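Undergrad: As they're listed, the protein sequences go chains A and B. Heads up: the first sequence begins at 9 in the numbering used here, then just goes up one per residue. Heads up: the second sequence begins at 3 in the numbering used here, then just goes up one per residue.
These aren't lab readings, by the way, just hints derived from the structure by calculation. Note that the coordinates shown come from a computational prediction; the quantities given were computed from them, not determined experimentally. Careful, some of the hints might be misleading.
Listing some non-contacts, in silico: residues in chain A with all C-beta distances to chain B over 12 Å [what the hints assert, rightly or not]:
| hint | residue |
| --- | --- |
| 1 | Gly24 |
| 2 | Leu60 |
| 3 | Gly61 |
| 4 | Glu93 |
| 5 | Thr94 |
| 6 | Asn100 |
| 7 | Asn154 |
| 8 | His158 |
| 9 | Ile177 |
| 10 | Thr189 |
| 11 | Ser248 |
| 12 | Ala279 |
Distance ranges between label pairs, derived from CB positions [as the list claims (entries may be wrong)]:
| hint | chain 1 | residue 1 | chain 2 | residue 2 | range |
| --- | --- | --- | --- | --- | --- |
| 13 | B | Val234 | A | Gly171 | 36 to 44 Å |
| 14 | A | Ile175 | B | Asp86 | 22 to 30 Å |
| 15 | B | Glu83 | A | Asp186 | 30 to 38 Å |
| 16 | B | Met29 | A | Asp182 | 47 to 55 Å |
| 17 | A | Asn76 | B | Val122 | 23 to 31 Å |
| 18 | B | Pro95 | A | Val219 | 28 to 36 Å |
| 19 | A | Ile201 | B | Met3 | 40 to 48 Å |
| 20 | A | Ile201 | B | Asp86 | 18 to 26 Å |
| 21 | B | Met3 | A | Lys38 | 53 to 61 Å |
| 22 | B | Asp86 | A | Gln263 | 45 to 53 Å |
| 23 | B | Asp86 | A | Lys307 | 51 to 59 Å |
Below, computed lysine-lysine pairings styled on DSS-like, alpha-carbon distance capped at 25 Å [what the hints assert, rightly or not]:
| hint | chain 1 | residue 1 | chain 2 | residue 2 |
| --- | --- | --- | --- | --- |
| 24 | B | Lys219 | B | Lys197 |
| 25 | A | Lys38 | A | Lys82 |
| 26 | B | Lys89 | A | Lys141 |
| 27 | A | Lys147 | B | Lys18 |
| 28 | A | Lys137 | B | Lys89 |
In this text, a Cβ means the ideal position worked out from N, Cα and C, and glycines have one as well.
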Amino acid sequence: MCSYVIETKRLTKKYGEQTAVNAVNIHVEKGRIYGLLGRNGAGKTTIMKMILGLTPVTSGEIDVFGQNIKGREKRVYPRIGAIIETPGFYPNLTGTENLEIFAKLRGTAAPNAVKNALDIVGLPYRDKKLFSKYSLGMKQRLGIANAILHDPELLILDEPTNGLDPIGIAEVRDFIKDLSTEHGKTILISSHILSEIALLADDIGIIDHGVLLEENSMETLKRKNSKYILLQVSDIPKTSLVLERQFGVTDYSVQDDHSLRIYNTSLDMAAVNKALVVQDVAVISSQLCNDTLEDYFKKITGGEGIA
Amino acid sequence: MKQLLWAERRKLRHSKIVWIAVFAVVMIAVIVFAEGQFVFKGSRYIDGAGWFMTAAQSLATFFVLPAVIALLGSYMICREEQEDTLKSLRLVPVDEAKLTVVKMIVAMVFSILIYLLLFVITFAVEAIMHFGTLSIQTVWGFLFTYFINGIGVFLAISPIVALVARIKKGYWLALVFTEIYSFAGLFASMSETLKTVYPITAVFQLSGYYEATIGNKAASLVILIVCMVLAVLILNGLSRKNKKSIY
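Using the sequences plus the hints, can you model the full thing?
TA: In structure tokens:
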């Protein structure tokens with residue numbers, strides 16, 4: 009059974025001649041945090057807007073909870089909480105009054121829903137401060153509170169930590185993580201900050217100029233980019249056999265027909281080389297690599313990297 | 003619909019425009035009261051029972067209240083887009099056509115309440131000054147006139163509210179357009195025919211502020227209904243335009 013909460017198939021958005029999003033295939037699994045990472049203008053917000061049905065799709069398909077959202081808004085929207093770009097609220101009302109309006113319109117049944125949502129984001133309940141007097145960070149927190157107000161299964165958060173101070177970012181990160189781990193929420197979050205996504209996401213999609221360059225689990229990505237020994241050899245099966253049988257190494261990954269990565273960097277490479285030569289395997293090169301995630305992103309986005 | 007009405011009422015809390023309207027009503031009363039101090043044939047205007055309640059209507063309707071009501075109506079419609087709350091409402095989801103209808107209903111109720119506030123103020127002054135000479139029938143008559151003025155003025159200005167919402171150039175435009183529109187009513191009131199067909203003066207024909215035949219009243223009612231239909235058509239176009247921009 010398919011467990012994708014969001015799945016896009018060749019999702020494309022064009023504005024005239026300009027392609028903002030190009031044949032993007034995103035797979036967001038249930039109960040996981042999916043980080044959409046890309047520079048400003050890469051197409052993250054457009055993808056989120058299309059998923060939510062806030063902007064028309066040029067071509068491709070979107071399934072949310074296994075169905076196309078268009079025409080089913082009344083059934084699907086109550087299961088989603090979202091912040092897209094800067095959250096908009098009524099400036100003449102307080103945060104509590106704003107949330108009470110959205111709670112009423114959504115028919116939120118829980119009597120303490122507004123108070124709970126404000127507590128989670130660290131904003132005071134029944135405060136007299138009007139939204140027009142809120143700082144950018146407070147506005148962002150209120151936006152998140154509005155997104156979680158009705159206890160949705162899926163959260164779509166477009167740069168939710170924009171404008172927050174470092175402590176605020178850490179707090180928001182913690183409760184987003186908590187929403188996923190403790191409450192089983194599925195979260196699609198976008199950011200242009202690599203460190204933020206790296207700390208938060210279970211899965212990651214890297215987007216650049218509207219193209220999804222990579223979609224993978226964070227674990228795999230981290231593994232790809234931690235310290236490792238890159239070994240280039242003439243025979244991969246024989247090398248694997250030597251590594252496993254003679255050195256007890258299982259923590260390695262095969263890259264292609266002639267190279268593999270060994271993640272145990274304390275391995276005695278001289279002994280490995282010797283053993284391989286004995287087994288008639290030519291060792292072309294062996295080097296210690298130390299790529300960071302940022303180096304990796306620079307590489308795949310064409311050198312400019314992501315902050 | 004009930005929830006939308008509740009929400010629209012709540013959205014007006016702490017709203018400056020509401021206080022501007024209340025201030026405008028009080029100022030109308032003060033100005034008309036000051037005007038009433040002028041002496042004509044040995045007595046002040048204000049000394050005539052019912053003069054204050056009568057005079058306040060024309061000043062309010064030709065110069066002030068239609069513009070204030072139009073300002074509030076177009077503010078309520080335009081604000082969702084200007085304050086960027088429309089996307090949050092779409093995600094609820096809220097039916098935009100219903101939302102617009104509710105906003106128009108709230109604007110009409112506001113128009114009625116504003117006229118009734120003016121009635122309360124003018125009646126209070128009249129009651130203090132002429133308690134013995136004011137009959138219950140007269141007071142009920144004025145109450146009815148103010149009530150119909152409230153509904154009628156809203157209907158007369160509704161196309162402007164809708165138009166400003168459609169052109170999306172800021173709700174303050176509604177204030178300017180309606181001020182010119184209501185002021186022109188002063189000139190329309192000089193002609194018997196124009197008095198019946200010009201929407202602002204048609205309100206007075208219908209409410210009984212002007213003495214009018216049944217035929218004139220019916221014609222004025224038709225004019226005000228046409229205004230409402232025009233507003234609905236403009237808003238319908240706006241709703242379709244918004245939907246087109248999404249899908």
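Undergrad: Taking the hints in turn, state whether each one holds.
TA: Now the hints, each set against the structure:
no. : hint                              : result
1   : Gly24                             : 15 Å, holds
2   : Leu60                             : 6 Å, violated
3   : Gly61                             : 7 Å, violated
4   : Glu93                             : 8 Å, violated
5   : Thr94                             : 7 Å, violated
6   : Asn100                            : 5 Å, violated
7   : Asn154                            : 7 Å, violated
8   : His158                            : 9 Å, violated
9   : Ile177                            : 23 Å, holds
10  : Thr189                            : 25 Å, holds
11  : Ser248                            : 51 Å, holds
12  : Ala279                            : 61 Å, holds
13  : B:Val234 <-> A:Gly171: 36 to 44 Å : 41 Å, holds
14  : A:Ile175 <-> B:Asp86: 22 to 30 Å  : 27 Å, holds
15  : B:Glu83 <-> A:Asp186: 30 to 38 Å  : 35 Å, holds
16  : B:Met29 <-> A:Asp182: 47 to 55 Å  : 54 Å, holds
17  : A:Asn76 <-> B:Val122: 23 to 31 Å  : 55 Å, violated
18  : B:Pro95 <-> A:Val219: 28 to 36 Å  : 31 Å, holds
19  : A:Ile201 <-> B:Met3: 40 to 48 Å   : 43 Å, holds
20  : A:Ile201 <-> B:Asp86: 18 to 26 Å  : 23 Å, holds
21  : B:Met3 <-> A:Lys38: 53 to 61 Å    : 36 Å, violated
22  : B:Asp86 <-> A:Gln263: 45 to 53 Å  : 47 Å, holds
23  : B:Asp86 <-> A:Lys307: 51 to 59 Å  : 37 Å, violated
24  : B:Lys219 <-> B:Lys197             : 11 Å, holds
25  : A:Lys38 <-> A:Lys82               : 21 Å, holds
26  : B:Lys89 <-> A:Lys141              : 22 Å, holds
27  : A:Lys147 <-> B:Lys18              : 21 Å, holds
28  : A:Lys137 <-> B:Lys89              : 24 Å, holds
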